[in-house]
Amino acid sequence: MTEATAPRLEIGVQETVPTIHYQVAMPQPETHLFEVTLQLVNHPSPILDLKMPVWTPGSYLVREYAKNLQDFAAFVGDKPLSWRKISKNHWQVNKNGVSDLTVRYRMFANELSVRTNHLDTTHGYFNGAALFFRLPGWEELPIRVTIVPPRPEWRVTTALPTAGEKTNSFLAADFDTLADSPFEIGSHQLYHFEVLGKPHELAIWGQGNFQAQRMIADIQKIVQVEAQMFGGLPYERYVFLLHLFAQAYGGLEHKNSCSLIYQRFGFRSQDKYDRFLQLVAHEFFHLWNVKRIRPKALEVFDYDRENYTPSLWFCEGTTSYYDLLIPLRAGMYDAKAYLNNWGKEITRFLTTPGRKVQPLSESSFDAWIKLYRPDANSGNSQISYYLKGEMVSLLLDLLIRARHGNQHSLDDVMRQMWQQFGQAEIGYTPEQLQKVIESVAGVNLADFFQRYIDGTEELPFNQYLEPFGLQLVAEQEEEPYLGVKAKTEHGREIIKFVEVGSPAQLAGIDAGDELLAIAGIKVTANQLSDRLKDYQPNDIIQVTVFHQDELRTYAVTLAASRSNKYQVIPIQNPDPIQKENFAGWLGVPIITVR
1 MTEATAPRLE IGVQETVPTI HYQVAMPQPE THLFEVTLQL VNHPSPILDL
51 KMPVWTPGSY LVREYAKNLQ DFAAFVGDKP LSWRKISKNH WQVNKNGVSD
101 LTVRYRMFAN ELSVRTNHLD TTHGYFNGAA LFFRLPGWEE LPIRVTIVPP
151 RPEWRVTTAL PTAGEKTNSF LAADFDTLAD SPFEIGSHQL YHFEVLGKPH
201 ELAIWGQGNF QAQRMIADIQ KIVQVEAQMF GGLPYERYVF LLHLFAQAYG
251 GLEHKNSCSL IYQRFGFRSQ DKYDRFLQLV AHEFFHLWNV KRIRPKALEV
301 FDYDRENYTP SLWFCEGTTS YYDLLIPLRA GMYDAKAYLN NWGKEITRFL
351 TTPGRKVQPL SESSFDAWIK LYRPDANSGN SQISYYLKGE MVSLLLDLLI
401 RARHGNQHSL DDVMRQMWQQ FGQAEIGYTP EQLQKVIESV AGVNLADFFQ
451 RYIDGTEELP FNQYLEPFGL QLVAEQEEEP YLGVKAKTEH GREIIKFVEV
501 GSPAQLAGID AGDELLAIAG IKVTANQLSD RLKDYQPNDI IQVTVFHQDE
551 LRTYAVTLAA SRSNKYQVIP IQNPDPIQKE NFAGWLGVPI ITVR
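Per full-length UniProt numbering, numbering of the sequence shown is gapless, rising by one per residue and ending at 594.
Possibly wrong hints are sitting among the right ones.
[Claimed, not checked] Straight line, CA to CA, 16 Å or less: simulated EDC-like cross-link-like pairs of lysine to aspartate or glutamate:
(1) Lys-533 - Glu-478
(2) Lys-565 - Glu-489
(3) Lys-356 - Glu-458
(4) Lys-533 - Glu-479
(5) Lys-51 - Asp-302
It should be emphasised that the hints constitute simulated quantities derived from the structure, not laboratory data. In this text, all values refer to a predicted model and were calculated from it rather than measured experimentally.
Turn these sequences into a full structure, and let the hints guide you.
Right, here's the structure in full:
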């Protein structure tokens, strides 16, 4: 909750508390413009300050929502009030001594993501932080929001409670709640279901090959498994908002809802459907880890600037660890599929050179300038706190389980964090987080944190997998090593990534070059791997590219092949303790995953 206090008037003058009412209309949705009206009553100060958030909690990038705002105006009745802009996201209105006034503006909304706004002829979707002004000093006041749909058949779905009996009118307890409550407005499909006696809703916008009843049944299982882990559901009602289109993927957590984006035809293939369930498990897990259990730096949101913390590896990485584990516990896939998923995740990690450069805590801290702003060198210099945080969480869970014979686990860390910090919504420091993990593990983890969280030492996967009868094995590429990744874009073969220290980089090839030929013969991105198989390590090949529109040919000396795929598999002849550890972790005998 925002710990702001309302400004007081001069001594001897009775304090007045304003009422805040937003109206959101969309009379011409084809223009992508939300028309927002702010009505203030009993606002006591001579100047009205309005600030548009620059980011939304859960998505750690300054997105400058004010860039989409236009046609700002303020009125008393029909009489305009003077105003000026103080900074990029700060408007100031001279009230001329009045206490009741109206502010109007329009917000362009044509970016369909979980963290922005989108309006077209099929629906309207918005996030509170991306649409509404914050009134500095009055953040703790309740805010009423009334939606005016463009057509009578459009419905409104949000986690906010209704405001009395008024149609399409809702009440947010404070600005934090408003910023955290997305709206879906349109003719979307809406499904109601219960879990543990509490109402849930699933709103689906877009067409696809999903089976609603199957999806709902699986979501119910995910909710039940996570609720069991934490001892119940910390809300009275929850809303899932799902957008289906193209090849999209993403999610954003909220305190009593989540927004999901998924590819419209991603539900028939089991692998793709499993990925959707992992997305659901991830965002739902966040209602504990992040929305209630959150770092001290995020205990009180500063909507005007970056909020730095080195603990996003726990917020997102540990949540990513559980988004693989929860569907297994819910019976949606078996242990073999679970370990196959780990092979894919570890492959992504061990084929990212940046893991040797950027520590995990630094990745968390620098999310604002790096993770969401990738460039051609990101793979060489960065590691995702989602990905490495997931790896570290795996090691911590296995460490705790091995030390305590599966009587304690990372689950106990989550429960203790919930009891100590989450229930009271008291932010934790990095030191407090480490202390809780150590208390559950029963061992000092200073060395672990120094090596793998604050340092860049390689993660010793097999050391932690071995007590569970598992091992990490690598597969070698068939072709010699060149060190580039290419992609076909608009009929051109573009080199998207050149690995640091690779033969391609040492020869002078750059990301952004257009790949043309090897040994004078045209090559495409899809053909590159097969073409390289015709050569041996230490062979010198001629690679022709367009470099900034200039034709160049480089002599490249190929290197020995690299491992490009990893698998987690059982060891041969596991001993009784390993079998017991494995069964205690994944709930099945180890033989079933061979």
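Review point. So which of those numbered hints doesn't the model satisfy?
Key: Those not satisfied come down to hint 2.
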